[in-house]
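Colleague: Top to bottom, those sequences are chains A and B.
Residue 1 is where the first sequence starts when you use the working numbering, and the numbers rise one by one after that.
Residue 254 is where the second sequence starts when you use the working numbering, and the numbers rise one by one after that.
By construction, these hints were calculated from the structure, which means they are not laboratory data.
These numbers come from a predicted model, not from an experiment.
Worth double-checking, as some hints may not be accurate.
Unchecked claim - Short, incomplete list of chain B residues facing chain A, as computed with Cβ under 10 Å: (1) 269; (2) 362; (3) 407; (4) 412; (5) 413; (6) 417; (7) 419; (8) 427; (9) 432.
As the list claims (entries may be wrong) - Computed, partial: chain B to chain A, Cβ under 7 Å: (10) 410; (11) 431; (12) 513.
Quick reminder that beta carbons are idealized off the backbone N, C-alpha and C, glycines included.
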Amino acid sequence: MVLRGVDKVFANGTRALAGLHLDVRPGEFVALLGPSGCGKSTALRVIAGLSEPTAGVVEWPSPATGIRSANRIGFVFQEPTLMPWVSVFNNVLLPLKLQGVPAASAAESVAAVLDRVGLAAFRRAYPRELSGGMRMRASIARALVTEPQLLLMDEPFAALDEITRFKLNDDLLRMWRVSRTTIVFVTHSVFESVYLASRIVVMTARPGRVFAELAVEAPYPREQNFRTSAEYASVCRRTSEALAQAMAAGGES
Amino acid sequence: MTVRASGGERRDRIVRVALPIAVLMLGLAIWELVVRIENVPPYVLPAPGVILQTLAADWAPLSQSLLVTLVTTFEGFLLAAAGGVGLAVLFNQSRLVEYSLYPYAVILQVTPIVAIAPLLLIYLPQHAAVLVCAWIVAFFPVLANTTLGLHSVDRNLTDLFALYGASRGQTLWHLKLPSALPYILGGLRIAGGLSLIGAVVAEIAAGSAGAGSGLAYLIAESGYRLNIPRMFAALLLLSLAGIAIFYLLAFVNYLALHRWHESALQA
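The shape of chain A in the complex, shown without the other chains (with noise of 0.2 Å):
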């Protein structure tokens, strides 16, 4: 998948994103990074069909079966955004009811991501009886329940505490290794990012635009160890490094 140039010019004037290019390769994760209202969001909502780009072009690897349409896209979003009136195994059973996958097999992948996620034994729980770092489990669940082939999230962690956050991390890490799905992961975490992407794109405050992208050698499996490495202190320098530039040269603009 491919942004090509794309601008996005807000109805009150505000330019969020100016010629932003992004090539996501199938497989990748990849990490886009940048300070606060740099249009990070507004880029994955662009790439999500949410949002039309004022300029420029989002390009799919075959346009001619439409990715849109075949819901191969996940979203996460920054909130859990379940629906407070049904309970989780129903909140994660919605896209594919609005599908129309038959009950029973739709209730079968259910199961089987709930599982995944960790949520098994909480399917009839319902949303506000869960702590959030099982809501956003829940809201993982219920963007993997269609097998996405494109994984989008937008700062799904920020509003976790750390060890909920670092015990997500560790597992979104495992179900992408499984599932291998591609994922673009919006953060504003140097630590998140390298910890997490196979490369971080480092993008400018005001208008958006991609600033830098580095390359995480890392191997995964990447555990606890890694976070204490000299190899990730190494790397989170070197982004942040970028990340301080980014600041200064999207400030000048």
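Put chain B on the given structure of chain A with help from the hints.
Modeller: Then chain B, alone, in the frame of chain A:
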């Protein structure tokens, strides 16, 4: 959890129930005493005991009138609920319809029902006129609240439905109506009391027309006959009916929301 919380909370709940009852008893006792000591005749102010005796003695006509009023209220309420929610959904689906009709809904609401009732009684058969009055008074809060609820849907959830290509019908049924439910039920709670008021106002207005048989008509008729104890007895029944409607709707609200909505959670 419930066991631990009991001590202080339980005492608090008993006090909250017992205090208003104690006030009622005290008030009734003073009332009864004053009437007896001062020898006030019942056609000026009947004592509570006399009102209760009247209630028992005249139970046949009173209960019949109560039933008539309750049926009218219930029918008006159902029409208001269906009309309010239906119209709000229609407005939500089509801007043009909303722009064309909303001002008239407001006009219906702001024109005092007491002033409309005599006109309606000229053009409509009595039962229909009473029903229309109950409807006019009760439907607006349902409409306004439902409209508010349908507009208060979580943006991200709306995006999610769009992402998965949900149809308008699916979005309405699986997203908009459930998230508007607390608002709709809030509107219905207001409408319950109002449809009783609408029915009573219309009955009073119709009273002179003669054929009325609801509680309000009974009050008006007893007034002409200076049967003050019966007026009080009918008034008591009306109050009780209003209280019953309020708590019934509160209970429905609890049943529908207690598992997920903040407003209905038990502390």
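Colleague: Tell me, which hint numbers fail for this structure?
Modeller: Checked against the structure, the hints that fail are numbers 1, 2, while the rest are satisfied.
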